[in-house]
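Asks: Make the full structure from the sequences, and use the hints.
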Amino acid sequence: MGRYVLRRLLQLIPVFIGTTFIIYALIWALPGDPFAGRCGDRPCPPAYIAEMTEKYNLNDPVIVQYFKYLGQILTGDFGETFAGIPVNTLVADAYPITLRLAVVALAFAALIGVGAGILTGLRGRGFADNLVLVSTLFLISLPVFVTGFILQVVLGTELGIITPSVSSQATWGELIVPGFVLGSTSMAYVARLTRTSLMENKRADYVRTAVAKGLEPKRVVGVHLLRNSLIPVITFLGTELGALMGGAIVTEGIFNIRGIGGLVYKAILTKEGTTVVGIVTLLVLVYLLMNLLVDMLYAVLDPRIRYD
Numbered sequence: 001m002g003r004y005v006l007r008r009l010l011q012l013i014p015v016f017i018g019t020t021f022i023i024y025a026l027i028w029a030l031p032g033d034p035f036a037g038r039c040g041d042r043p044c045p046p047a048y049i050a051e052m053t054e055k056y057n058l059n060d061p062v063i064v065q066y067f068k069y070l071g072q073i074l075t076g077d078f079g080e081t082f083a084g085i086p087v088n089t090l091v092a093d094a095y096p097i098t099l100r101l102a103v104v105a106l107a108f109a110a111l112i113g114v115g116a117g118i119l120t121g122l123r124g125r126g127f128a129d130n131l132v133l134v135s136t137l138f139l140i141s142l143p144v145f146v147t148g149f150i151l152q153v154v155l156g157t158e159l160g161i162i163t164p165s166v167s168s169q170a171t172w173g174e175l176i177v178p179g180f181v182l183g184s185t186s187m188a189y190v191a192r193l194t195r196t197s198l199m200e201n202k203r204a205d206y207v208r209t210a211v212a213k214g215l216e217p218k219r220v221v222g223v224h225l226l227r228n229s230l231i232p233v234i235t236f237l238g239t240e241l242g243a244l245m246g247g248a249i250v251t252e253g254i255f256n257i258r259g260i261g262g263l264v265y266k267a268i269l270t271k272e273g274t275t276v277v278g279i280v281t282l283l284v285l286v287y288l289l290m291n292l293l294v295d296m297l298y299a300v301l302d303p304r305i306r307y308d
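Mapping to UniProt numbering: the sequence shown position 154 is 154, numbers consecutive.
I should point out that these hints are in silico values taken from the structure, not numbers from a laboratory. Here the structure is a predicted model, which is why all the values come from computation and not from measurement. Note that CB positions come from ideal geometry on N, CA and C, so glycine has one too. Watch out, some of these pointers could steer you wrong.
Said to hold, decoys possible - Label-pair distances were calculated between CB atoms; the ranges are:
1. Tyr265 - Leu6: 36 to 42 Å
2. Thr209 - Thr171: 24 to 30 Å
3. Gly173 - Arg123: 31 to 37 Å
4. Val146 - Ala212: 45 to 51 Å
Replies: If you want it as structure tokens, here you go:
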């Protein structure tokens, strides 16, 4: 296992360099004036343009700009905005909030989604199965901003159960409803994926063999059936954490959450390329590390999987 982890960590290096270079090139190498609108309605003074061009190495080829930026990242420096604010400071304020929101959303997707999938997958056709299929189809079809708006109005404005806007502290309790909104689509996909995987594995030879040996139904389900059926679910949930963090822009906007989503949206509007690249780089790291963790969990779920 140790050699496998080391090999995978080494494989992550070219993947990280390739993805971050594409992101950097798309942000900084696209045609257009990076200083357009930076100084209001008037064009920016030549002295300011020259200073910013020198500071951000905009006269260098893109590949040279990228490796200079990569050197900064390796030292923990994600650069500065055009206003001179360190990106590290902006991320340090916003990232924990979005991470908490994504964890709450992932918890809803895992607990409710897997629970509903197991319930319907084991029982088969019936009222519960039809109810889960209809409700998950409804959640998948309903856009996140519609779900968020409905819950905000009903629970916040009409019933007063929650505050329509999340405070600047964004406590765990305040993030329950926004987390449910953000994870609603993932929850529906997890329920359907778990249900399908269980129904397929129920007819597998190893399940028939376990039943023929006279094993208790709880052991057949818990030890054999669930562990194998949850492998695709774990794969989905592992990669979904990064997707939830990157896709939180709409949810954070509805509930006025000051997280990564709002920061990226504002940076795109103001053409703060350094902020966008820094945040997306962190999301890439989350994706890569979660993929590594998922691969390691395979050996725990399925004893047949061994890494040399």
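Asks: Against each hint, give a clear statement of whether it holds in the structure.
Replies: How the hints compare with the structure:
1. For the pair Tyr265 and Leu6, the supplied restraint of 36 to 42 Å holds, since their beta-carbon distance comes to about 38 Å.
2. Between Thr209 and Thr171 the beta carbons are some 50 Å apart, a value that contradicts the proposed interval 24 to 30 Å.
3. For the pair Gly173 and Arg123, the beta carbons lie near 34 Å from each other, so the given range of 31 to 37 Å is met.
4. Roughly 50 Å separates the CB atoms of Val146 and Ala212, a value that falls within the hinted 45 to 51 Å.
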